[in-house]
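Those sequence lines, one after another, are chains A and B. Every position in the first sequence, counted from 1, becomes a number in our numbering once 11 is added. Every position in the second sequence, counted from 1, becomes a number in our numbering once 60 is added.
Calculated from the structure, these hints are not laboratory results.
The calculated EDC-like cross-link candidates involving lysine to aspartate or glutamate, where the alpha carbons are at most 20 Å apart (straight line), are:
| no. | chain 1 | residue 1 | chain 2 | residue 2 |
| --- | --- | --- | --- | --- |
| 1 | B | K157 | A | E174 |
| 2 | B | K156 | A | E174 |
| 3 | B | K93 | B | E270 |
The primary structure of each chain is shown beneath.
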Amino acid sequence: MKKTLSTLAPFLGIILVVALWFLVCRLGIFSTYVLPPPEKVFHSFLKMLKSGEIFQDVIISLVRILKGFAIAFLLAFLLGMFRSLVPSSEKYYNCIVQFFRNVPPLSLIPLLILWCGIGETTKTVIIVLASFFPMYLNIVKGFTGCDQKLLEVGDAFGYTRFEKFKHIILPYASADILVGMRIGMGYSWRAIIGAEMIAASSGIGHMILFAQEMSRTDKVIVGIFVVGIVGLVTDKLFGILLRKLFKGNGENGWN
Amino acid sequence: MAGIELKQIQKTYPVDGHTIHVLKGIDLQIPEKSITVILGRSGCGKTTLLRLVGGLESPDSGEIHFDTAHKTAFVFQESRLMPWLNVWDNVKFGLKKQPCLDATIQNIIDTVGLKGFEKAFPHQLSGGMQQRVAIARALAYEPSFIMMDEPFAALDYFTRNQMQKELIRLQKNRGASILFVTHSIDEALLLGHKIAIIENGQIKKEFLIETDSDERDLLAEELIALKREIIQQLDL
Ligand SMILES: Nc1ncnc2c1ncn2[C@@H]1O[C@H](COP(=O)(O)OP(=O)(O)OP(=O)(O)O)[C@@H](O)[C@H]1O
Ligand SMILES: [Mg+2]
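Make a model of the complete structure from these sequences and hints.
Following this line, the structure appears as structure tokens:
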């Protein structure tokens, strides 16, 4: 009994919210323009599914993310590797990294539009900026947190600095790296929606804003749901990947 | 005789604002192709001395002179295995990409009594088994000079006995030089061609045991006499 209740719990929560939503609409507290009833939202959702327009926007946004994410990961990895191979270099750029970490990428949009126009470049840069820092910081944490005693084993067997990196530091850090990637993915998903609202003519963010301009609040809500669901799914996929890759290690009990 | 020569080795560590003088001028000759045992109480600086000889740290002053180039391997006091590698890969860790025969690795794993555990990960092994993997890792490297820091401390009487015999056999067969740290007097008497006692940061006394026989009888009169003498040295 307790078990079924706990598996049903999340659904109960959702049902409660929808019921409340339904009730509020029925009572006519807000106009249907401000808050369209759930059935109307669901209806538009089905229609957009059928016409396929929703997929188009989601895929456009996802492709943008993958591109920016790949660039950001490469940069973060290389810089993190450099940081771990040449520890003394950190003091030169740490300050700059900390500065940019505290600048929300969206605040750079005006400048980026000026420099790169409203083409794909602007969006790619936004995603790179959004996902770089969580990845970089986690990668550095993994690389620098390596157990000194294991590194000494490398020394004892005559490993070079690079060999130690490849055979000790990298495997040691792999869990941290994947966690950084997962966080970075979440950040870039958030950032792309914002970027698409400001400077795009396609993508899920643009779709939401466009629907609002067309006074289609129901479509706006559909867009928000889709953003939430896609974000949730990618995060879950990452979680599964993490568990798969580290299945052995998880059981090894060292992570 | 060729070997390794330590001259006036000093080492201090800063601990909590003041410095502790761990080694206060160690003079020691480590002869080639034999087993040199370092014996002393816990905390007397045995591990420190080994780390200096192994080049993992450098002395504050003094000299370490190698007569010939050596391929050295280290068995740490803790096993220090890579948690993400299984036993087989851990044993091969020192070899890097070097080609080696699977049979050789298997042979070494069998020697340390871990047959059937090749695919096991370190956390699935007991402490003593982990330590034996670390020994196997050092042996697979085919060193000419092996430094071992209380390698058999975590083993039971019988396994320890067997490992000691293997070590003696191996040293004979390969003609390797071994620097062996222990706090067990019996172990020192069983293995050592030379026993150096560290006390208060210095080599207090050295003993040479010259026997031709492979197996020493700890109950033999000379060894009992020697043991008595060593206990006296350590006791003061
Ligand atoms: N990295 C270090 N920093 C500070 N002090 C140290 C360090 N390493 C060793 N010491 C000190 O040096 C002394 C000797 O330590 P060492 O590990 O060499 O002892 P040991 O003879 O190997 O002891 P055991 O038999 O217990 O392993 C100890 O007092 C210890 O506190
Ligand atoms: Mg020690």
